[in-house]
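The whole structure should be built from the sequences, with the hints applied where relevant.
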Amino acid sequence: MRKTVLFLWLLLLSAAAAAGEEQIKYYRVDSVKTIKGEVVDIKSETSFHKSDFTVIYLKEKKSGEIYRVEVSPGWFFNMDVMIGSKIEITGSCTVENGVNLVMTRSIAFQGEIFLFRDKYGFPLWRGKRGQPNRGGQGKHRRRGKH
Amino acid sequence: MKKRIVLFIVPLILILIAIFFLNRYTRNKIRAQSEQVTIAEGMTIRNLVEVSGSHLTDEGENALMAFLDNLYRNELIVYIGLFKDKELIRLLSRFEGYFPIVETQKDLHVIDSPIGKIFHIKGAFKDKMGNPFYLHIGYNYDFLSTFEDTLSRNFYIVVILFSIIILFITGLIIYFDKKFFQKELELEREKQEKERFRELSLLTSEIAHEIKNPLNSIYLSFNALEKYLAPREEALFYRDALRGEIRRITAIIQSYSDLSREIYPRIEAVDMAKLAAEFQWMMEGELKKNNAVLTVHVEKDTIFNTDSDLVKQVLLNLVKNAIEADATAVTLTMVLSKKRLDLTVGDNGAGLDEKTAADIFKPYVSTKTRGMGLGLHIVLKILKALDGDIRLVSRSPGNTVFKIEIPRGERM
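Which chain is which? The protein sequence lines are A and B, in order.
Numbering of the first sequence is given in numbering that gives the first Met the number 0, commencing with residue 0 and proceeding in unit increments.
Numbering of the second sequence is given in numbering that gives the first Met the number 0, commencing with residue 0 and proceeding in unit increments.
Careful, some of the hints might be misleading.
Selected chain B positions facing chain A (in silico; Cβ < 8 Å) [as the list claims (entries may be wrong)]:
#1 Leu-87
#2 Ser-92
#3 Gly-96
Don't read these hints as lab results, they were simulated from the structure.
C-beta atoms are modelled at their ideal positions from N, C-alpha and C, and glycine is treated no differently.
So this is what it looks like as structure tokens:
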């Protein structure tokens, strides 16, 4: 337990350090995969110059590895996910400064799928052509598979 | 009518389908040509980028980055990414982490995105050292989608307006056509009825004329025979009955003669109070026989230009009708003004049902078993000859009221 907490602190520190410098990170269409795991932390952090970006720390079920899952701005994140929730994340997976980084396309939780980006990684919170997205519960959710 | 509607609607639908396909064809054509133009433009940009990039790398990477920053100022650019060999060394994206590059895709291709179509250009160049650089530029050519959307929206607006206008015009045509058609039918029916009535009237008038002479002989012979009758009660009864029937036949024949006869009013100054008094006296016997009372309201010393005989005939027919409808009280009101005479005839008789009331002025319409139904028709005919009019204003049992208007006539 202590080891896990220490590891998590180290991860958070490294992530904070990583967030401080300008990274060239982007949604890689060819590195999309699905990860199943348990939420170990949910934070509001700075990403893409946005201070209220929701970031989930996920412990993968099989390997036990921790992933920093960058989801969406807080106002667009309308899920009842909490620490301990079992979720399935699909997104672009890369390693940035030694941190497993996932840019989320969708999250499957309790039989529902919440979409955050399109298949090329376009952020859905940025709205559609001619109509800005106002967010809100259910705007980007559907039932079924990814 | 249904056939007419189908004849309008089917061509309209066919026109709309034709317009729809024409619009679709035009849109596809415009889209294809616009895409060609965009590709040609993209290729030009790529060539420029490749040449410029190659020169800029000679001046150092900073110059290249400044060039990209400058390029990115263009609002239509969605993202710019620069790879040095396989390493991404510069990314400028307007949307968080959005850089849709797929190795398998062509150097020039189109990506669909929620903000519209994005044209992706990939250019390659080398620096002095021979290091390969790959520049990816995505620019929004959503203007084409906007153009298509506007075209499509305008098309649907035009189609909807066109359909509404066509349907409205069709509706109007059908409505007026129906109305006109119905009116025409009514006029035709009325004409036929008039013709039939005229023929019938001529025939009856002819018959009446033929009967009148022998009937006159019968009446004279009867008067001659009367003095030879024994003064027995039975003989007197048959005498009266025969006289009554002869009078009735005479009256019937007179009615038919009146029906076909043209009426030419003889206008003179008539004292209406006097006319009313004479009429009351004339009806006295008839009223008494039926236990009915006629009350007359008329202003005294009132002179009115009209045909007294015709007015009397009108009143006679109306009052007789009232008596025959079991009325016990009949009211006649005469109101004179400068321009016209208003007559109101009311009674407390049986009244009229709706159907009879609607046709009451038509010939041969009667509620009586023995009547011919010509009385009110003749009234109407007389009033038309006097430029007047008659209306049934109440038909309820116990309160049947006719209102008559006769304009002041011009004396000859």
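Each hint, compared with the structure:
no.	hint	verdict
1	Leu-87	holds (5 Å)
2	Ser-92	holds (7 Å)
3	Gly-96	holds (5 Å)
No hint from the list above goes unmet by this structure.
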